[in-house]
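Chemist: Sequences and hints are given; from them, build the entire structure.
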Amino acid sequence: MSRIAAETVEQVRSLGDRYKYGFVTDIESEQAPKGLNEDIVRFISAMKDEPGWLLEWRLEAFRHWQTMTEPNWAKLGIPMIDYQDAYYYSAPKQKEALNSLDEVDPELLATYDKLGIPLREQEMLAGVAVDAVFDSVSVATTFKAKLEEHGVIFCPISEAVQKHPDLVRKYLGSVVPYTDNFFATLNSAVFTDGSFVFIPKGVRCPMELSTYFRINAANTGQFERTLIIAEDSSYVSYLEGCTAPMRDEHQLHAAVVELVALDDAEIKYSTVQNWYPGDENGVGGIFNFVTKRGACIGARSKISWTQVETGSAITWKYPSCMLHGADSVGEFYSIAITNNYQQADTGTKMVHMGARSRSRVISKGISAGHASNAYRGLVKMLPGAGKARNYTQCDSLLIGSKCGAHTFPYIESQNRSARVEHEATTSKIDDDQLFYCRQRGIGEEEAVALIVNGFCREVLQQLPMEFAVEAQKLVGISLEGSVG
Amino acid sequence: MLEIRDLHASVEGQAILNGVDLSVGAGEVHAVMGPNGSGKSTLSYVLSGREGYAVDRGEVLYDGRDLLEMEPEERATAGLFLAFQYPVEIPGVGTMTFLRTALNAVRRSRGGDELDAMQFLRVVRQKARALGIGDDMLKRALNVGFSGGEKKRNEMLQLAVLEPRLAILDETDSGLDIDALKVVAEGVNALRSPDRAMLIITHYQRLLDHIVPDRVHVLAKGRILRSGGSELAHELEEKGYAEILSEAA
Amino acid sequence: MTLGVDTYREAFESIRASLPGERGAAFEAFAARGFPTNRVEAWKYTSLRPLARQRFAPAAPDREAAVPLMGEGPRIVLVNGFLREDLTTVPVERWAGPREPADAGGEPLVALNAAMAGDGYVLTVGDARDEPIEIVHATVPGPTGPVAQSRNRILVGSGGAAHVIERHIGLGAGAYFVNGVTEVEVAAGGRLRHTKLQDEGADAHHLWFMPARLDRDASLESTVFTFGARLSRNQIEADLEGEGASLVLEGAYAVTGRQLADHTSRIEHRAPATTSRQTYKGAIGGQARGVFQGHIVVSEGAQKADGHQLNRALLLSGRAEIDAKPVLEIYADDVQCSHGATAGDIDGDALFYLRSRGIPADAARGLLVRAFLAEILDGTPEGGLRSAVEKRIDGFLEAGA
Numbered sequence: 314m315s316r317i318a319a320e321t322v323e324q325v326r327s328l329g330d331r332y333k334y335g336f337v338t339d340i341e342s343e344q345a346p347k348g349l350n351e352d353i354v355r356f357i358s359a360m361k362d363e364p365g366w367l368l369e370w371r372l373e374a375f376r377h378w379q380t381m382t383e384p385n386w387a388k389l390g391i392p393m394i395d396y397q398d399a400y401y402y403s404a405p406k407q408k409e410a411l412n413s414l415d416e417v418d419p420e421l422l423a424t425y426d427k428l429g430i431p432l433r434e435q436e437m438l439a440g441v442a443v444d445a446v447f448d449s450v451s452v453a454t455t456f457k458a459k460l461e462e463h464g465v466i467f468c469p470i471s472e473a474v475q476k477h478p479d480l481v482r483k484y485l486g487s488v489v490p491y492t493d494n495f496f497a498t499l500n501s502a503v504f505t506d507g508s509f510v511f512i513p514k515g516v517r518c519p520m521e522l523s524t525y526f527r528i529n530a531a532n533t534g535q536f537e538r539t540l541i542i543a544e545d546s547s548y549v550s551y552l553e554g555c556t557a558p559m560r561d562e563h564q565l566h567a568a569v570v571e572l573v574a575l576d577d578a579e580i581k582y583s584t585v586q587n588w589y590p591g592d593e594n595g596v597g598g599i600f601n602f603v604t605k606r607g608a609c610i611g612a613r614s615k616i617s618w619t620q621v622e623t624g625s626a627i628t629w630k631y632p633s634c635m636l637h638g639a640d641s642v643g644e645f646y647s648i649a650i651t652n653n654y655q656q657a658d659t660g661t662k663m664v665h666m667g668a669r670s671r672s673r674v675i676s677k678g679i680s681a682g683h684a685s686n687a688y689r690g691l692v693k694m695l696p697g698a699g700k701a702r703n704y705t706q707c708d709s710l711l712i713g714s715k716c717g718a719h720t721f722p723y724i725e726s727q728n729r730s731a732r733v734e735h736e737a738t739t740s741k742i743d744d745d746q747l748f749y750c751r752q753r754g755i756g757e758e759e760a761v762a763l764i765v766n767g768f769c770r771e772v773l774q775q776l777p778m779e780f781a782v783e784a785q786k787l788v789g790i791s792l793e794g795s796v797g
Numbered sequence: 042m043l044e045i046r047d048l049h050a051s052v053e054g055q056a057i058l059n060g061v062d063l064s065v066g067a068g069e070v071h072a073v074m075g076p077n078g079s080g081k082s083t084l085s086y087v088l089s090g091r092e093g094y095a096v097d098r099g100e101v102l103y104d105g106r107d108l109l110e111m112e113p114e115e116r117a118t119a120g121l122f123l124a125f126q127y128p129v130e131i132p133g134v135g136t137m138t139f140l141r142t143a144l145n146a147v148r149r150s151r152g153g154d155e156l157d158a159m160q161f162l163r164v165v166r167q168k169a170r171a172l173g174i175g176d177d178m179l180k181r182a183l184n185v186g187f188s189g190g191e192k193k194r195n196e197m198l199q200l201a202v203l204e205p206r207l208a209i210l211d212e213t214d215s216g217l218d219i220d221a222l223k224v225v226a227e228g229v230n231a232l233r234s235p236d237r238a239m240l241i242i243t244h245y246q247r248l249l250d251h252i253v254p255d256r257v258h259v260l261a262k263g264r265i266l267r268s269g270g271s272e273l274a275h276e277l278e279e280k281g282y283a284e285i286l287s288e289a290a
Numbered sequence: 061m062t063l064g065v066d067t068y069r070e071a072f073e074s075i076r077a078s079l080p081g082e083r084g085a086a087f088e089a090f091a092a093r094g095f096p097t098n099r100v101e102a103w104k105y106t107s108l109r110p111l112a113r114q115r116f117a118p119a120a121p122d123r124e125a126a127v128p129l130m131g132e133g134p135r136i137v138l139v140n141g142f143l144r145e146d147l148t149t150v151p152v153e154r155w156a157g158p159r160e161p162a163d164a165g166g167e168p169l170v171a172l173n174a175a176m177a178g179d180g181y182v183l184t185v186g187d188a189r190d191e192p193i194e195i196v197h198a199t200v201p202g203p204t205g206p207v208a209q210s211r212n213r214i215l216v217g218s219g220g221a222a223h224v225i226e227r228h229i230g231l232g233a234g235a236y237f238v239n240g241v242t243e244v245e246v247a248a249g250g251r252l253r254h255t256k257l258q259d260e261g262a263d264a265h266h267l268w269f270m271p272a273r274l275d276r277d278a279s280l281e282s283t284v285f286t287f288g289a290r291l292s293r294n295q296i297e298a299d300l301e302g303e304g305a306s307l308v309l310e311g312a313y314a315v316t317g318r319q320l321a322d323h324t325s326r327i328e329h330r331a332p333a334t335t336s337r338q339t340y341k342g343a344i345g346g347q348a349r350g351v352f353q354g355h356i357v358v359s360e361g362a363q364k365a366d367g368h369q370l371n372r373a374l375l376l377s378g379r380a381e382i383d384a385k386p387v388l389e390i391y392a393d394d395v396q397c398s399h400g401a402t403a404g405d406i407d408g409d410a411l412f413y414l415r416s417r418g419i420p421a422d423a424a425r426g427l428l429v430r431a432f433l434a435e436i437l438d439g440t441p442e443g444g445l446r447s448a449v450e451k452r453i454d455g456f457l458e459a460g461a
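Residue numbers (my numbering), protein chains in the order written: chain A, 314 to 797; chain B, 42 to 290; chain C, 61 to 461.
Calculated from the structure, these hints are not laboratory results. Fair warning: this is a prediction, and the values are worked out from it, not measured in the lab. Mixed in with the good hints there might be a few duds.
To be verified - Mimicking DSSO-like on lysine-lysine, the simulated pairs with C-alpha atoms at most 27 Å apart in a straight line are:
(1) LYS581(A) to LYS457(A)
(2) LYS476(A) to LYS459(A)
(3) LYS786(A) to LYS180(B)
(4) LYS459(A) to LYS483(A)
(5) LYS786(A) to LYS700(A)
(6) LYS715(A) to LYS364(C)
(7) LYS262(B) to LYS280(B)
(8) LYS786(A) to LYS581(A)
(9) LYS662(A) to LYS104(C)
Stated by the list, open to error - Derived list of chain B stretches under chain A, where covered just means 3 residues or more per stretch with a C-beta under 8 Å from a C-beta of chain A:
(10) 89-97
(11) 110-124
Said to hold, decoys possible - In silico contact screen, one side only, chain A against chain B (beta carbon under 10 Å); selected entries:
(12) ASP743
(13) ARG751
(14) ILE755
(15) ALA760
(16) PHE768
Glycine residues also receive a C-beta, built at the ideal position from the N, C-alpha and C atoms.
Modeler: Right under this line is the structure:
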């Protein structure tokens, strides 16, 4: 190993000390008893005052879940999770109903300030409407009034169940059925909150919508469920940020996100995931098992996923697009950075059913320390996908000789007129580039950050401006720690 | 300013430099000429601190400091600049981003303020124009997809922006047509000043028609075999290296 | 229940007494897993279920059959998996039974071969040979749909260099099943060039495994041409164990009707400065399917490894299918690895260009398919092998793909 690589490994190793979101907020929370059984599912449903059909749906999911076993095919060494040793419901204790932001627990608001989301200031700034999910419950949604003027619904999904039951009932589970996979099924049984977005026909959502997720309570699993529906000719850009405190034990995050795009609709979904990754020895950290899927139901609809994954001990997620509509478009732009003992197994599925549907996959994996980083993806051209197109580019960058980078693409084409192109490369950070930067006076760690940001540029460009800046810094921070 | 004494260096165990002695004073321009494989590029890499070049013997003093002890970026911020024979492509990193990061690193180390975006833009635009570099080239990723001539001009732009005290130009003339050569030479000549020294490494004499050196050294077989004034370059052009090599043998 | 075990146990017991060496352990290694199903990741795209359900009687030696030869050069001939000494001109040894447990391998079918193979050649190359060695594997179809399983080995010593051409053919129409293994070992500095022409009968099933080990600075170039068999799989597992070892794998295939052609490789870079290059190209017509699985592993410490693979498939009909899975698994940092895959129809612009110059559509398509496969064929010297491959491509195009 070259000296530079050795030093970089050192600097990345010290990242564990630098996780700046690792504070715990001291507020009381209401918890359901530990463990998972039908009574807990009923308890959650009752706490939310849910209609009967939803409780039934949850129970069906739970019964199905009991017949399933954890997947073991992903390239992850997963320590056994004891599903009975976690809390499935944890809500910050607060007043019954909130009339305005002023009634939100000030401690909570302070937490979001630390996260860099001053909710109150959001109202001053043009642009971002925020829903914040704390442990399992959505605590505040800003900008409601303005959104309502445009007919946009942006609220906690628990509220949507009460106020817009028909919409929820029609679309919940329509993209990710409760039988889908082990973690999605678990989520269907016990999801506690999440965001709901509905953009009516012809409306271009006047601002970016944003949700910040935070796990605070110990031994809590977070199971949020997000549902976004974009009606004909509508547009929405949705941002999601995630953080969690530093804790010794692993915590489970098993979210489900469903997107539905009708004719000519476009949904842009951006994630900056910075859950606590565990310390430099791999102790603690979030298990991030997420099912994200979008259905391009309508003709000319478009769903674009962009993700920057720097956190979590283990990440397991494949934001996917089911391209039903003719001329529909799916995109997946991803940066996954792993270091220390982090493991990431991420990628996408692009399933082409509609004629002339197009998809583009750009994945950048950076692996350092003892970490493991895998791209796993499927591109499938079904017989109906005449003249469909896919382009996939997966690049992996290795920093240090103890890490691993893997690429597992599956390409299946049953249509002669469909065209699939796939390229992948794996290499280490280039010594010549590092030397060139250093010869111009740029210090080694700054040079690494510069080169890695350049490597990721195509993906960073996809993020909305305010997220791009944050993400760029995150890339820098994760490679900070410097050279001796 | 630069004192090289009995410098021996090797690459992967193979000796390339076998006792180089060279002294360059402030304000002077020296040319190092030599046939292929004489160790010219090795000399420039050893001076700039590239990995993989082992110094086996000798010392190099830069303003009285032990140059060989310094990290590459320390040498750079101390004012040593290497114009690369083969400038490196860095995908995704904008030319302007790179220049600004480098300039601010250099300014910080000299105790100066960082330039704000507007100041920086002004400085770069003005210097770019002098070198015939358009805005579109500045917007592209560093050296990516640049022609050979564009890469060399980009090196000259960095030289102009970073204002080093000792500039080493490694085969800057290779790959340049005559017009580009003139532009580059003008840029370099504009930077000549009493407190700045230059070491021009080249195979051919043609660059030295435009940048007239104070001293010319012939490097062959890893040593300086002959030194002289600028007329030595012309002599080499006429007679080739064979005579000097046979004299030394 | 493990697939195919009962039928093959019966067949195994019927010939067990006649086989050289001890076979029990090898058979049990097979029986523990049976034929792989689609649930086994490595067999995700190639189903052996119908094959496993068919009954094949172990093929018997055939000392009479006439075997068409490609050239007059040195040769080794096997019929039904048994060496024909009367037709063989190269001195070879014969396989004498499995060395436990190594010969059972990771694949159940390699274990089945270790249990049931009755014969096979062992070719040792000690010095440099100029003339290519033609090796014919011929199978005579029969009413019992015989299964031929031979176990072969090519050993190239330190100073050795050779080109071997393995041809797989059926002698007449009818069903049969070939489950063969050619093991390759190349010692330090040795060089082996290996070309395989799979031209089995239309109703044949052909599974062939080539485990290869390369020592320091050894080189192996293996090119496969696949045209025959209803279902075929060519599986190469190469371990680059010595520093500087180099591997080139190439393949070209043209399949139509209901054929399935599977090319699977797994390359382990276990030592520093090892290189591998893979290029597979296929033309798929009718309702045929192509499968490509290429897996490059770079082990920890195998710095400066250089591994590249490319798979390109032309889908020539509306019901043709390609499934590709090019995998990189990297545990060292100073590496250069890549893979590329494309799938699609003939380039419409190129087709139009040719037609606009007056070339009829069919001829234009033929030209473009030939051009597509030419990259693989170009490395093949003029001569019997090359003209045999060209003839098969012509046949494929005439059949209307």
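Chemist: Each hint should be assessed against the structure and marked as holding or not.
Modeler: Do the hints match the structure? See the list:
A C-alpha spacing of about 20 Å is found between LYS581(A) and LYS457(A), which places the hinted pair at or below 27 Å, so the restraint holds. Pair hint LYS476(A) plus LYS459(A) holds up; C-alpha atoms about 18 Å apart against a cutoff of 27 Å. Restraint check for LYS786(A) and LYS180(B): the C-alpha separation of about 22 Å stays at or below 27 Å, so the hint holds. Between LYS459(A) and LYS483(A) the alpha-carbon distance is near 26 Å, which keeps this suggested pair within the 27 Å criterion.
Straight-line distance between C-alpha atoms of LYS786(A) and LYS700(A) comes to about 40 Å, which puts the hinted pair past the 27 Å bound. Distance hint between LYS715(A) and LYS364(C) is fulfilled; the C-alpha atoms sit about 15 Å from each other, no more than 27 Å. About 18 Å separates the Cα atoms of LYS262(B) and LYS280(B), which keeps this hinted pair within 27 Å; it holds. Distance check on the hinted pair: LYS786(A) and LYS581(A) sit about 22 Å apart at the alpha-carbon level, within 27 Å; holds.
Proximity of LYS662(A) to LYS104(C) is assessed by CA-CA distance (about 17 Å); at most 27 Å being required, the pair is judged to hold. Three residues within the 8 Å Cβ limit are the bar, and the stretch 89-97 of chain B against chain A gives 4, so the coverage statement holds. Beta-carbon proximity to chain A at under 8 Å applies to 8 residues in the stretch 110-124 of chain B; the threshold of 3 is reached and the given coverage holds. For ASP743(A), the interface hint holds, the least distance from its beta-carbon to any beta-carbon of chain B being 8 Å, beneath 10 Å.
Checking ARG751(A) against chain B: minimum C-beta separation of about 4 Å stays under 10 Å; hint holds. Taken as an interface hint, ILE755(A) checks out: its beta carbon lies about 5 Å from the nearest beta carbon of chain B, inside 10 Å. Nearest Cβ of chain B to the Cβ of ALA760(A): about 8 Å, under the 10 Å cut. The hint holds. Contact between PHE768(A) and chain B, as hinted, is supported at the beta carbon level, the nearest pair being about 6 Å apart and thus within 10 Å.
In summary, the one numbered hint that this structure violates is 5.
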